[in-house]
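Engineer: Those protein sequences? They're chains Z and R, same order as listed.
Take the first sequence: its position 242, counting from 1, is numbered 242 in the UniProt record's numbering, and each next residue is one higher.
Take the second sequence: its position 614, counting from 1, is numbered 614 in the UniProt record's numbering, and each next residue is one higher.
Don't take every hint at face value.
One copy or two, either will do: identical chains are not told apart, so a pair holds if it fits within one copy or between any two.
[As the list claims (entries may be wrong)] DSSO-like, lysine-lysine: derived pairs with alpha carbons at most 27 angstroms apart:
#1 K704 <-> K406
#2 K327 <-> K690
#3 K690 <-> K704
#4 K648 <-> K494
#5 K178 <-> K449
#6 K182 <-> K107
#7 K251 <-> K327
#8 K406 <-> K418
#9 K249 <-> K45
#10 K182 <-> K249
If you are wondering where the hints come from, they were derived from the structure by calculation, not from laboratory data.
Protein chains: 2
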Amino acid sequence: MATLGDIGVSAAINLLSALIFLLAFAILRLQPFNDRVYFPKWYLKGLRSSPTRSGAFVRRFVNLDFRSYLRFLNWMPEAIRMPEPELIEHAGLDSAVYLRIYLIGLKIFVPMAMLAWAILVPVNWTNNTLELAKLSNVTSSDIDKLSISNIPLGSDRFWTHIVMAYVFTFWTCYVLMKEYEKVATMRLQFLASERRRPDQFTVLVRNVPPDPDESVSELVEHFFLVNHPDHYLTHQVVYNSNKLAKLVKKKKSMQNWLDFYQIKYSRDQSQRPLIKTGFLRLWGQKVDAIDHYNSEIEKLSKEIAEEREKVETDPKSVMPAAFVSFKSRWGAAVCAQTQQSRNPTLWLTEWAPEPRDVYWQNLPIPYVSLAIRRLIMNVAFFFLTFFFMIPIAFVQALASIEGIEKRAPFLEPIIEIKFIKSLIQGFLPGIALKLFLIFLPTILMIMSKFEGFTSLSSLERRSAMRYYLFNIVNVFLGSIIAGSAFEQLNSFIKQSASEIPKTIGVAIPMKATFFITYIMVDGWAGIAGEVLMLKPLIIFHLKNFFLVKTEKDREEAMDPGSLGFNTGEPRIQFYFLLGLVYATVTPALLPFIIIFFAFAYVVFRHQIINVYNQEYESGAAFWPDVHGRIIIALIISQVLLIGLLSTKHAAQSTPFLIALPVLTIWFHNFCKGRYEPAFIRYPLQEAMMKDTLERAREPNLNLKAYLQNAYMHPVFKGDDDEEDEDISEKLVTESVLVPTKRQSRRNTPVPSRISSASSPSLTEVIKEHPEP
Amino acid sequence: MATLGDIGVSAAINLLSALIFLLAFAILRLQPFNDRVYFPKWYLKGLRSSPTRSGAFVRRFVNLDFRSYLRFLNWMPEAIRMPEPELIEHAGLDSAVYLRIYLIGLKIFVPMAMLAWAILVPVNWTNNTLELAKLSNVTSSDIDKLSISNIPLGSDRFWTHIVMAYVFTFWTCYVLMKEYEKVATMRLQFLASERRRPDQFTVLVRNVPPDPDESVSELVEHFFLVNHPDHYLTHQVVYNSNKLAKLVKKKKSMQNWLDFYQIKYSRDQSQRPLIKTGFLRLWGQKVDAIDHYNSEIEKLSKEIAEEREKVETDPKSVMPAAFVSFKSRWGAAVCAQTQQSRNPTLWLTEWAPEPRDVYWQNLPIPYVSLAIRRLIMNVAFFFLTFFFMIPIAFVQALASIEGIEKRAPFLEPIIEIKFIKSLIQGFLPGIALKLFLIFLPTILMIMSKFEGFTSLSSLERRSAMRYYLFNIVNVFLGSIIAGSAFEQLNSFIKQSASEIPKTIGVAIPMKATFFITYIMVDGWAGIAGEVLMLKPLIIFHLKNFFLVKTEKDREEAMDPGSLGFNTGEPRIQFYFLLGLVYATVTPALLPFIIIFFAFAYVVFRHQIINVYNQEYESGAAFWPDVHGRIIIALIISQVLLIGLLSTKHAAQSTPFLIALPVLTIWFHNFCKGRYEPAFIRYPLQEAMMKDTLERAREPNLNLKAYLQNAYMHPVFKGDDDEEDEDISEKLVTESVLVPTKRQSRRNTPVPSRISSASSPSLTEVIKEHPEP
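Pulled out of the complex, with its shape left as it was, chain Z reads as follows (with noise of 0.2 angstroms):
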């Protein structure tokens, strides 16, 4: 049991690894060699460019000028000080709707806090249960007497967190449902703002059924033109190309490649680089790298070409999925969301994603199969979660001295070592968990794949679910109680409904000193590492040493990837469980989760502003599970205060808890009605304003041009090289066209608006270091 002195030093180490990863931050952002890897953002929206011209060679890689640095945590201000309509629009709903979720975290957690520490800690304190405990030799630490456990048993005290604890859930529930509304409010405006966009147009129909005297494009508008008269615009067919992005895919590695040796060969022009061709480069004749590559390079480009004749020829390459595009919004929304066919498995509408955000290889699955993709997913998930350790200690047990002297013995001179011996034993075991745990996102994302969804948006989504389920029992339950998950499960089918609350919620309190580490080292120093981007910022400089040969090339290699909803959001929302959960039980912990929800979103906010560059826009679709994940953590918490009560001799209480999961369970499925519709739906009163708007705005609008050539597979772009960002790039033009209240300056990242005259802002870092 840890004391408070414990845990302030712990805080204390905590806050200083992250207060040496801010500096180590602060100072490497300001060097301009650096500046891709801070600021990617602005470079892709073209309002910063590389300082590339004149000036002293040391001041283009490193900021000399001292006064900088003295103001290091000017970042935060600045990160905040951007309103959010303007965050929307640099960033898009997503992200900044990705944002709020912290917010929720403070709204929730700071009121809360403030009563915990007003009322529970002083009825907890005032007892001295523990101290008589401790009488009789029972450790207990400073944080328990904050704690519920220092109440007596069967006291009238009880009573108070009973209060308390429908006071929390009505907090959480109001904040919850004001966010709801909030959400769809800005969504809805987000799809209804002024920008026009292909998706708003197009529904994606899949299953359409073949038909042995029909195309499948003909048997498309067919059906359409009879079944939409007055809407049916156009439509784009699918054509399976995974086979050409394979192709393309392996073109451009090879490209890299020759970028290697041929900037290699320019340093140093003494030699031709030379490879060998056999496996892995190890084995085989050499010969001239660059020929080699460009030879290789000339016959994929070929066989590039072919192929694509071939998909865009063959007949059989088209899959049986179309984009449909209608005249109006109305028409679009009208087919999204009724069924077409009397046979509700075949042309199956459904809105189509954002061009950025359709996953392409999933279209063509059919119906049953994805039925059976979903129950194998769903099976394997259930083992995946509950059997994940069999094969690690299995690999653990391998990797064992033992293990490794069995298989084998020619190493054994090695292992006996001491060195390495220690290395073996202290390190192999935990390392494999730790791979396991590093892939597990991966590992969740190809199941997601598995299982069929047609967009980016709803991949990540589903892996976000199962990141978090697969947090709450093998995280949250299996630090509790000890013991492998299986192992709990094995125990919870064999104890009784009443009693695994009660196993679970007796060990709560003294999981608390734990959990408070937690927060400090996974969420304090982790967000502080987020921030310092590490790893982005070696992949930059090698790639930049070894590959960049263009501007264009620097582009690719700065690329900063974008918020990965499928991890972030999980880890969010454990602290909401682990705030809901301990808000009762030891309100010390609170603060420390208030704290992380702060700095996590102003760094957050910082990284959304300069780095990442989302991939998709979904038009944060995603809050819908938001929403529900909190609803589980609070019920979570509801549930395990009634098993931690009924131990404590308070069981005439139980009624008056149980009356709260029902009441939130009728919570979620109010607001589930009342606001889920605004994130699955569109209304049709919204789409007949757009378009009536629309309508007297640009009569002479070619929508059909328009859309055209809106839903195409990457590949059949990636020709020549330009057309590559096509879309993205005309959906930023695009979104810079429409009368924007900045001043679109070129070279400096553009002041937000209203910090714009006042502050000491970005702009203000980067004239007092004027490019050279």
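Using the hints provided, position chain R relative to the given structure of chain Z.
Structural biologist: What follows is chain R alone, placed relative to chain Z:
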């Protein structure tokens, strides 16, 4: 424990009583004066009319043709002979599909029983566990020798049962899927059938937001003119006419009393009947009854006229709901399936129920209120299910000898009479329970009404679901494990998740004989009672004697009512549950179930053809519920088998059995996705096809006139009695007016198409005793 002999005796008794019922039915139905009780459907269709004109007086009441008595089971083949399409035309799709539930029972259980008797029974029989046990004084019956109880602990023979569980599950699922497909097709065909119906064009709009400047009617018109400009046709607002309906009902009851006294006076003209005007007609001054009621009716008529005018002119009596009609089925299908306004709780649209199916009182309930009502009713139902014994025990305590003596000492002398004492002791406690069970469907119906459903069909569906759950908890579990539902709940909470199926599973084989008796008493004899229709018979003759003046009165008096889905379907489902649970455990039970299904099928087919007059037509919208409940029964049976086997030292089989519920749930989800949309949505393809056809056939159709008054509260039509059955008549006439294949002969029920030439059917029976 019952022996085979006991069961034989019980079967004989029940068969005999069933036979007596059938004989009584055979005799009563041939009497012309009962004709309107046993063939009301034909009267309502206008294909049969009273024998009034000529002939011997006696023969008008009694059938003297003895030959007709000989063939007293003739109605059975008759009932089966009518082919399904004709049945649908005759009695509606709801009834025809309802019959298919019994057919499914046969389809599932006949092959199952054959397989079980061929494989399981020999496997069970060829052990001597029970014989050995008998030596150590454990009693067991012969039935048990055929059951799983006869297999020794840990025997490998249990694998047979596991394999059979798989076979049974797959067979049940296969039948269910085929049937779902068939019913879905029937429904779509029915909806697409030639007949034009107002609900095809109409959508019910609820939660019209209040507007200070416009009336509801204007608001609705403007909204739909803007958002469905090409499709909107007309609309009807809904008036709050609950008070008016109450007045009309009161007038009708007065009219009945007037008729009663007029008939009384006409029979005995010596003195005019007098009544007292006070409370319950027991106190107050005496007045002339006929004059009194005449003046009362006149007063009410005036009040009704006033109220009607008030409702029609006062804007406050317009409810925020409307029936909106469209120019085409396509337009209606689109509006019903899409979200209209930004706020998903306003402008809620759904398919309008058939005019007869509308439950008018619930139309104006706002969204939030609906959500709260649902919560309240779910909680109330939970308490009703688990705690209903508490008030009954209280009543029973009151109704005991001591209770009565204590509360009403003046009754003591009467109670102490021995006969009355034993009567009270023997019957009163049972009567309290019996009364509750009789009123249970009514209570559940009131709960559903409070919950706010807008159509009679959905009210009945919800009640059926609750009745089924009540039956599972209180009849099924209650019979297997002694003790009230609350005690069970309490013990289940305290037992572990793996203990519960064991506790129940182990008791299942022991209860087989009990359930066999249950099937015979409740099933066999109950169904025979159903065909006799004792209650309607008595009521008809009473009414006929006291109230009937005109032909129209007589028609009202014979009102056969409709098939009560809310009570009938859960009862059938209970037999599915029994059959599936016992199929692997005690296959000896299956033949009894098969007899029930076969017998009930014939009886209900007869009743549907000749008696019941369905109140509304929902197009078999209840099928997903039926399907879902059979799935529930299947899963219960699987879980209980797991529990049973784990007590038989066959725990290694559990993993094989756990796959079954998982697969079954998956199958259910699959069916839900594949077939359920056919019951909720209306495919646009169908709508378009139908619209196009209609436009080609009747280019000058005045749809507006057709739809103008289709959705009008029944009381507004009740003014002149002719109009009262306006719509239903229109519907009937229409169905007769379409080119029919039957010869519309008045006065005789029309022979079934295929039986018209050869069979000695209904026609012949009537020819044999021609109306004099």
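Engineer: Which holds for K327 with K690 at a C-alpha limit of 27 angstroms: within a copy, between copies, both or neither?
Structural biologist: Answer is both: 13 angstroms inside a copy and 24 angstroms across each meet the 27 angstroms cutoff.
Engineer: Please work out whether the CA atoms of K182 and K107 approach to 27 angstroms or closer within one copy, between two copies, in both situations, or in neither?
Structural biologist: within (14 angstroms within a copy, 54 angstroms between copies)
Engineer: Within a copy, between copies, both or neither: which one fits K690 and K704 at a CA-CA cutoff of 27 angstroms?
Structural biologist: Within one copy only: 18 angstroms inside a chain, 30 angstroms across chains, cut-off 27 angstroms.
Engineer: Is it within a copy, between copies, both, or neither that the alpha carbon of K178 lies no farther than 27 angstroms from that of K449?
Structural biologist: This pair counts as neither: shortest intra-copy Cα distance 34 angstroms, inter-copy 31 angstroms.
Engineer: With 27 angstroms as the alpha-carbon cut-off, assign the pair K251 and K327 to within, between, both or neither.
Structural biologist: neither (39 angstroms within a copy, 57 angstroms between copies)
Engineer: Regarding K406 and K418, is the shortest C-alpha distance of 27 angstroms or less found within a copy, between copies, in both, or in neither?
Structural biologist: within (18 angstroms within a copy, 92 angstroms between copies)
Engineer: Between copies, within a copy, both or neither: which fits K648 and K494 at Cα up to 27 angstroms?
Structural biologist: both (23 angstroms within a copy, 17 angstroms between copies)
Engineer: If the cut is 27 angstroms between Cα atoms, do K182 and K249 qualify within a copy, between copies, both or neither?
Structural biologist: Answer is neither; intra-copy 42 angstroms and inter-copy 49 angstroms both fail.
Engineer: For K249 vs K45, is the C-alpha pair at or below 27 angstroms within one copy, between two copies, both, or neither?
Structural biologist: within (25 angstroms within a copy, 74 angstroms between copies)
Engineer: Since the copies are identical, ignore which copy is meant and state whether K704 and K406 lie within 27 angstroms (CA to CA) inside a copy, between copies, both or neither.
Structural biologist: Intra 70 angstroms, inter 89 angstroms, cutoff 27 angstroms: neither.
When each numbered hint is compared with the structure, violations occur for hints 1, 5, 7, 10.
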